Amino acid sequence: MSLISILILAIGLSMDAFAASICQGLQIKENNIKNTLSIGLCFGIFQAIMPIIGYFLASSFANSIKAIDHWVAFILLFIIGFQMIKESKDASCEISHGLSLKSLFSLGIATSIDAMAVGVSFAFLNVNIFSSSTIIGITTFILSSIAFKIGNKLGMKIKQISELIGGVILILLGTKILIEHLFLQ
0 MSLISILILA IGLSMDAFAA SICQGLQIKE NNIKNTLSIG LCFGIFQAIM PIIGYFLASS
60 FANSIKAIDH WVAFILLFII GFQMIKESKD ASCEISHGLS LKSLFSLGIA TSIDAMAVGV
120 SFAFLNVNIF SSSTIIGITT FILSSIAFKI GNKLGMKIKQ ISELIGGVIL ILLGTKILIE
180 HLFLQ
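Numbering (numbering that gives the first Met the number 0) for the sequence shown: 0 to 184.
Please note that a few of the clues may not be correct.
[Claimed, not checked] Below, simulated DSS-like cross-link-like pairs (lysine-lysine); rule was C-alpha separation at most 27 Å, straight line: (1) Lys148 with Lys65; (2) Lys28 with Lys148; (3) Lys101 with Lys28; (4) Lys33 with Lys101; (5) Lys65 with Lys28; (6) Lys85 with Lys175; (7) Lys33 with Lys88.
[Said to hold, decoys possible] Per label pair, the in silico range of CB-to-CB distance: (8) Asn30 with Ser63: 42 to 52 Å; (9) Asn125 with Glu29: 36 to 46 Å; (10) Ser59 with Ile145: 11 to 21 Å; (11) Asn125 with Ile32: 15 to 25 Å; (12) Ile52 with Leu181: 41 to 51 Å; (13) Asn30 with Ile160: 17 to 27 Å; (14) Thr174 with Lys28: 23 to 33 Å; (15) Leu171 with Lys101: 14 to 24 Å; (16) Asn31 with Ser58: 33 to 43 Å; (17) Asn127 with Phe81: 19 to 29 Å; (18) Asn127 with Ser59: 11 to 21 Å; (19) Ile160 with Ile74: 41 to 51 Å.
In short, the hints are calculated from the structure, not lab data.
As the structure is a prediction and not an experimental result, all values here were calculated from the model.
Heads up, the beta-carbon is just placed ideally off N, CA and C, and yes, glycines get one too.
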């Protein structure tokens with residue numbers, strides 16, 4: 000995968016965290032630097048770690064399914080993207096009113112499960128997992144921090160739009176991977 004593809008993927012993956020950060024911004028009145036950095040770091044760290052976990056879990060059997068690895072990557076990205084598009088229709092924020100370590104941890108895990116699935120697909124795509132995960136983590140940190148700051152100003156509509164865009168990006172990247180392996184190799 001090219002650097003541009005990984006950056007686009009990072010943006011797509013970060014949209015769940017972006018939406019959750021908007022919800023936090025809507026509910027937490029103290030939009031100070033400590034809260035902003037806490038949100039950004041939490042989501043960024045989880046989004047960076049989960050692809051690595053998925054990558055190493057899948058690496059053990061990647062060679063066994065090399066002939067269909069592009070289909071596996073496509074299906075995983077399509078399912079994640081479709082789920083994000085489906086969730087974009089929900090205009091609610093199911094997040095607590097405070098910024099606690101427990102709620103941050105829960106949100107970090109919940110918004111990064113899809114990143115672990117992408118890590119699984121990375122095992123089939125010959126991707127440098129550490130540089131890719133770093134890009135994903137930094138992108139998520141930046142976008143989540145911005146989303147928290149603007150959450151109380153833009154509201155729910157931007158949450159829905161971000162999840163929709165993220166889902167479309169993941170589906171398009173999965174399709175790109177499939178087309179490259181079927182027709183360009």
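The hints, checked one at a time:
no. : hint                           : verdict
1   : Lys148 with Lys65              : violated, 44 Å
2   : Lys28 with Lys148              : holds, 10 Å
3   : Lys101 with Lys28              : holds, 19 Å
4   : Lys33 with Lys101              : holds, 16 Å
5   : Lys65 with Lys28               : violated, 50 Å
6   : Lys85 with Lys175              : holds, 21 Å
7   : Lys33 with Lys88               : violated, 31 Å
8   : Asn30 with Ser63: 42 to 52 Å   : holds, 49 Å
9   : Asn125 with Glu29: 36 to 46 Å  : holds, 45 Å
10  : Ser59 with Ile145: 11 to 21 Å  : violated, 37 Å
11  : Asn125 with Ile32: 15 to 25 Å  : violated, 40 Å
12  : Ile52 with Leu181: 41 to 51 Å  : violated, 29 Å
13  : Asn30 with Ile160: 17 to 27 Å  : holds, 21 Å
14  : Thr174 with Lys28: 23 to 33 Å  : violated, 42 Å
15  : Leu171 with Lys101: 14 to 24 Å : violated, 36 Å
16  : Asn31 with Ser58: 33 to 43 Å   : holds, 41 Å
17  : Asn127 with Phe81: 19 to 29 Å  : holds, 27 Å
18  : Asn127 with Ser59: 11 to 21 Å  : holds, 18 Å
19  : Ile160 with Ile74: 41 to 51 Å  : violated, 26 Å
Against the hints set out earlier in the document, violations occur for numbers 1, 5, 7, 10, 11, 12, 14, 15, 19.
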